[in-house]
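Below are the chains, spelled out letter by letter.
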Amino acid sequence: MPTKTMGTVLTRRGMARRTLLKTVGVGLGAISLAPVISACGMIPGMGGDKMTIWTDATFAPPSDDYQTEEINKWAKSKNIEVEITRETGDNVRQKLQAAIESKQLPDVTQVDDGRFTAFYPAGIFTDHSALFAEFGKQWGGWYKPGERIVTRDGKQWMLPYSIDSNLILYRKDILEAGGVKEAPKTWDELYDVAKKLQTPPNIYGVGFQFSKAGTDAESTFGLMMLSYGASIVKEDGKLGTVKSPEMLAFLTRIKSSWDMGVYPPGVTGWDNAANNTSLQDEKTIFIHNPASPLVWFRTNKPDMLPKIGVSAVPAGPKGQFNTAYIRDGFAILNTGNQKRMDLSKELMRHLYSKDVYRKWIELAFPSPAVAGMEDMEIWKNPQRKGFLDAAKTGILQGHPGPPSQAYSEFTNRQPLISAAARMAVEGWTAEQALDELAKTAEDVFSKYK
Amino acid sequence: MSVQSAVLRPTRYRDMTARHKEWVLGYAMLVPAFTFIIGLIAYPAAWAMYLSFTDKVIGQQETFVGFQNYVWLSQWPNFGRMIWNTALLAVVGVALKAFIGMTMALALNEQFFGRTVIRALLFLPWTVPAFVAGLIWRWMYDDQNGLFNWALMGMGLISEPVSWLGDIRYAMGAVMSVVVWKGFPFFAIAFLAGMQGIPSEQYEAAEVDGASAWQRFLYITLPGLRHVMLITCMLSLIWTANTFDLVFIMTRGGPSNATEVFTMLIYDQGIRNGRIGEASTAAMMAMPIFAGLIIILTHYLQDKDEERA
Amino acid sequence: MQGTLEVPVQKASWLGPAKGRTKRYIVYATVAFYLFVVLLPLYWMFRSSIAENDQMYGTAIEFFPKKFTLAQFDAAINKWRFGLYLSNSVAVGLVTTVLTTVMATLAAYSLVRLRFPGRAALARSVLFVYLVPGGLLFIPLFMIMQRLGLLNSQLALVISYQTFAIPFCTWMLIGYFKGIPPEMEEAAQIDGASRLQSMWLVLLPMAAPGLVAAAVFTFTLAWNEFLFALVFITSDSFRTLPVGLAGLIRGDIYLWGPMMAGSVLAAIPVMVLYTVANKMLVQGLAAGAVKG
Numbered sequence: 009m010p011t012k013t014m015g016t017v018l019t020r021r022g023m024a025r026r027t028l029l030k031t032v033g034v035g036l037g038a039i040s041l042a043p044v045i046s047a048c049g050m051i052p053g054m055g056g057d058k059m060t061i062w063t064d065a066t067f068a069p070p071s072d073d074y075q076t077e078e079i080n081k082w083a084k085s086k087n088i089e090v091e092i093t094r095e096t097g098d099n100v101r102q103k104l105q106a107a108i109e110s111k112q113l114p115d116v117t118q119v120d121d122g123r124f125t126a127f128y129p130a131g132i133f134t135d136h137s138a139l140f141a142e143f144g145k146q147w148g149g150w151y152k153p154g155e156r157i158v159t160r161d162g163k164q165w166m167l168p169y170s171i172d173s174n175l176i177l178y179r180k181d182i183l184e185a186g187g188v189k190e191a192p193k194t195w196d197e198l199y200d201v202a203k204k205l206q207t208p209p210n211i212y213g214v215g216f217q218f219s220k221a222g223t224d225a226e227s228t229f230g231l232m233m234l235s236y237g238a239s240i241v242k243e244d245g246k247l248g249t250v251k252s253p254e255m256l257a258f259l260t261r262i263k264s265s266w267d268m269g270v271y272p273p274g275v276t277g278w279d280n281a282a283n284n285t286s287l288q289d290e291k292t293i294f295i296h297n298p299a300s301p302l303v304w305f306r307t308n309k310p311d312m313l314p315k316i317g318v319s320a321v322p323a324g325p326k327g328q329f330n331t332a333y334i335r336d337g338f339a340i341l342n343t344g345n346q347k348r349m350d351l352s353k354e355l356m357r358h359l360y361s362k363d364v365y366r367k368w369i370e371l372a373f374p375s376p377a378v379a380g381m382e383d384m385e386i387w388k389n390p391q392r393k394g395f396l397d398a399a400k401t402g403i404l405q406g407h408p409g410p411p412s413q414a415y416s417e418f419t420n421r422q423p424l425i426s427a428a429a430r431m432a433v434e435g436w437t438a439e440q441a442l443d444e445l446a447k448t449a450e451d452v453f454s455k456y457k
Numbered sequence: 213m214s215v216q217s218a219v220l221r222p223t224r225y226r227d228m229t230a231r232h233k234e235w236v237l238g239y240a241m242l243v244p245a246f247t248f249i250i251g252l253i254a255y256p257a258a259w260a261m262y263l264s265f266t267d268k269v270i271g272q273q274e275t276f277v278g279f280q281n282y283v284w285l286s287q288w289p290n291f292g293r294m295i296w297n298t299a300l301l302a303v304v305g306v307a308l309k310a311f312i313g314m315t316m317a318l319a320l321n322e323q324f325f326g327r328t329v330i331r332a333l334l335f336l337p338w339t340v341p342a343f344v345a346g347l348i349w350r351w352m353y354d355d356q357n358g359l360f361n362w363a364l365m366g367m368g369l370i371s372e373p374v375s376w377l378g379d380i381r382y383a384m385g386a387v388m389s390v391v392v393w394k395g396f397p398f399f400a401i402a403f404l405a406g407m408q409g410i411p412s413e414q415y416e417a418a419e420v421d422g423a424s425a426w427q428r429f430l431y432i433t434l435p436g437l438r439h440v441m442l443i444t445c446m447l448s449l450i451w452t453a454n455t456f457d458l459v460f461i462m463t464r465g466g467p468s469n470a471t472e473v474f475t476m477l478i479y480d481q482g483i484r485n486g487r488i489g490e491a492s493t494a495a496m497m498a499m500p501i502f503a504g505l506i507i508i509l510t511h512y513l514q515d516k517d518e519e520r521a
Numbered sequence: 006m007q008g009t010l011e012v013p014v015q016k017a018s019w020l021g022p023a024k025g026r027t028k029r030y031i032v033y034a035t036v037a038f039y040l041f042v043v044l045l046p047l048y049w050m051f052r053s054s055i056a057e058n059d060q061m062y063g064t065a066i067e068f069f070p071k072k073f074t075l076a077q078f079d080a081a082i083n084k085w086r087f088g089l090y091l092s093n094s095v096a097v098g099l100v101t102t103v104l105t106t107v108m109a110t111l112a113a114y115s116l117v118r119l120r121f122p123g124r125a126a127l128a129r130s131v132l133f134v135y136l137v138p139g140g141l142l143f144i145p146l147f148m149i150m151q152r153l154g155l156l157n158s159q160l161a162l163v164i165s166y167q168t169f170a171i172p173f174c175t176w177m178l179i180g181y182f183k184g185i186p187p188e189m190e191e192a193a194q195i196d197g198a199s200r201l202q203s204m205w206l207v208l209l210p211m212a213a214p215g216l217v218a219a220a221v222f223t224f225t226l227a228w229n230e231f232l233f234a235l236v237f238i239t240s241d242s243f244r245t246l247p248v249g250l251a252g253l254i255r256g257d258i259y260l261w262g263p264m265m266a267g268s269v270l271a272a273i274p275v276m277v278l279y280t281v282a283n284k285m286l287v288q289g290l291a292a293g294a295v296k297g
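Residue numbers (this note's numbering), protein chains in the order written: chain A, 9 to 457; chain B, 213 to 521; chain C, 6 to 297.
Mixed in with the good hints there might be a few duds.
Within a straight-line C-alpha distance of at most 25 Å, the following computed DMTMM-like cross-link-like pairs (lysine to aspartate or glutamate) qualify [said to hold, decoys possible]:
| hint | chain 1 | residue 1 | chain 2 | residue 2 |
| --- | --- | --- | --- | --- |
| 1 | A | Lys163 | A | Asp181 |
| 2 | C | Lys28 | B | Asp457 |
| 3 | C | Lys84 | A | Glu89 |
| 4 | A | Lys309 | C | Glu57 |
Here are some chain C residues the structure puts well away from chain B; computed CB gaps all over 12 Å [unchecked claim]:
| hint | residue |
| --- | --- |
| 5 | Lys71 |
| 6 | Asp79 |
| 7 | Lys84 |
| 8 | Ala109 |
| 9 | Ala128 |
| 10 | Gly140 |
Keep in mind that the hints were calculated from the coordinates and are not lab data. Note that the Cβ used here is the ideal one computed from N, Cα and C, for glycine as well.
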């Protein structure tokens, strides 16, 4: 039975400890409150003359650093404050969503073609036609793919900066050792060469991802699909006949390539970094990727760099297609603050100026969006030249139709990778995969009547 | 006192009955927490509920579409598979976490050399951000360079690398192992803290009575931890069913839907495509299940409580 | 009476007297096994943080690297500003924890020890907060923060973290409070203490292990939170660790070295916190032994 003595004892003991905890708690609170209070004092409003600029973190950090440096230099020269935020593209996209809904837009944001297509209907982009024409004149013209993406209703709504492409990166040394002088020109050739020259389990032939985590392969299979003469949409962008004999032929080609055993068994779980790693670790012969492994080799394994070949995407029976997408682009957003919008135009002029633009392209890897740089030394390197050529002739997402939100959503579901995975992992026939593909297309496009 | 209160209506606090004073105190102590909760959640919850009946896309004006989203979602291919994956991950994941957490807590409750340091170390998985944990494990499970394949091949147990994350048979197991790895410290520490509240006299008395270790565990430890167990399991069920980061980083729902959970759906629809109308619908459809879970478990807790009183 | 405040004694437990050898071995074996499983990935993280770049990739990976370097930490702190992110995370975590623990303690006490109409329903409703997933929540919360003028401040995070911290902390404390028999507090009240005094002087000391556990958990939740920190903060000077770490993923290239170094940095404060908290758990053990 609790007694009075017990109660007193407890209380005293408890008090000792409570005091200790209290002091610790207050101490911690005070320490941590300090930064918070100073932080509150530093709450920047989105008003005033501070410009907010959202940029992308790319796979070539030196180019990012250079860009940040240049923006800061420009800001200093104009005596204004800028706040630069650099995130990966997906994160910028998420922040934009919140910004759009709450109408709290940054002044300038980097936009790639995916974000442009997604957010264009929200009306956040301003008319950039004047700047577009100005830079076009300054640089001797824009490459067509970039121009096509940003032009709606005859006006331009953002400025392309770089055009990237996914190309076939392959082990030139292995091909040469195997007596293959040139990169394969057709898919059949590619698979045959891969089968002939691979030495599993050390080196496999082809590293295309069969997993939804590897969005690269959606583009790979998309190009293959088009090269077989199949397509999802018609030229007006509306849903076409998915269940065509060409589509079946294309799916059969994927299935047969899987049965050939040219893929490392793990491709069903690869993400976008895994195919890079496979080439970097010398485990595959062919991958389909943007230039990031080349940047990696340059930093980490420079002696391997000359052994990597870059070639255009192979042709199918009905044609050959490369992608071209805007990887870096800028947009001045509709913030309603005329002063900052004008300042943003000045910033664009700075970034597109001769020295800044050229230096940035040197440090980055993709092709510029403008035509006037073809004289640069870097294009003598066949690896970089491949990307330049692709930028000029590449097709856009949604081909043969124009880029559209419907197609974008369709691609986001990774339908081609899903079809490939079904056939590889679950043993579906090409017909079954085709059925599901058609259903997915129907499902998505029906929402966008 | 009671007669007085029956006749008059006390308006001043000190004239209230003890019972009414208790009411006032009770509500007053809830005010801080509930202000935050209602202030921060009520609006978003109502907003989400409203959106599920519209076709809202980010940046565009929405139009009311009634139950269209719900119909569309229930016809989603692999809908059943997704529910199964989520339920499997949640239920088995929590069961494993609870089991491992319990054995851990029991072991850590004993005195041995280095116990303090080891306790701190064992807490670490919970401190690593989910996506970092996912990345490290992903690397370990990697088919090309992964630690596991390297070790297994080195020991001669397998001849070819196994694609843990790419094989439809192993992917879910691999993901679940990471979920459990990351989550069990929570259970271990919660149980450990709860065990401190079990009076040692009970154990001593039981020992004197001749009870075996197993019996002591069953009849003293478990009942003593009853409430803590129920609550940690309930919280963990909700959290595990909402797992996103880990699954996303490791498999993104693959290979071929083997690990697709319903948070993937919300992400793919809401965040990637900006179609928050449909994303809200997915969340709405999950709500009754979670609400039911909460109600059942808390009901069970309340019942026990009344018994004690 | 058992135990004193100076030396925490070995309480009797389910296992019985610690002298039995087989029992000792069971304990050791269990602990060793779990230690291995837990530490393996973390060893990898640690090892990568002090290894050279070529150790991150490829077939030349050594389990125990022969060369060590501090270059990764140097890069993480100096180039990638992880020192700054660390202090931001600490600030946000501490303030969140203090705020949450105070509110949750009040709420939990009320829901466990006091009787009033609607008590059960209110207890449940605290949990209903979890029905709205973060992926949907961030947009309306963003709008709320904007209206409060708190965007891009640490206060926005502290406030928005209450959404998941309060339900969690409250229910953890409900669990611990329920496990403590009310007789002690009733005795104190008979002695003249008010309800609040009995809570402060009797219940909380006895529930100290639970309080500490709940506080540590809350801190960890805030520490690891990613989405709100990503969306509400735009300046680099307020960025927190998870967002900083995610920034090292650049497309399809992962900067493993600085990322692992950054992860190790991220783990240290929580370790420290837990070690400190552990001492309080032990003290709680001793005081808790003063019973009945």
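Structure-based check of all given hints:
A hinted pair counts as satisfied when its Cα atoms are at most 25 Å apart, and Lys163(A) with Asp181(A) does not qualify at roughly 47 Å. Note on Lys28(C) and Asp457(B): the hinted pairing is violated, with a Cα-Cα distance of about 39 Å set against a maximum of 25 Å. Using a Cα cut-off of 25 Å, the hinted pair Lys84(C) and Glu89(A) holds, with the two alpha carbons roughly 22 Å apart. For the suggested pair Lys309(A) and Glu57(C), the alpha carbons sit about 13 Å apart, so the restraint of at most 25 Å is met.
The Cβ of Lys71(C) lies farther than 12 Å from every Cβ of chain B, with a closest approach of about 17 Å, so its non-interface assignment holds. Non-interface status of Asp79(C) relative to chain B is upheld: no Cβ of that chain comes within 12 Å, the nearest being about 20 Å off. Every CB of chain B is more than 12 Å from the CB of Lys84(C) (nearest about 19 Å), matching its label as outside the interface. Here Ala109(C) does not stay apart from chain B, with its beta-carbon only about 6 Å from theirs, under the 12 Å limit.
Not every CB of chain B is more than 12 Å from the CB of Ala128(C) (nearest about 6 Å), against its label as outside the interface. Gly140(C), annotated as away from the interface, has a beta carbon of chain B within 12 Å; the closest lies near 5 Å.
Hint compliance for this structure: hints 1, 2, 8, 9, 10 are not met, and every other hint is.
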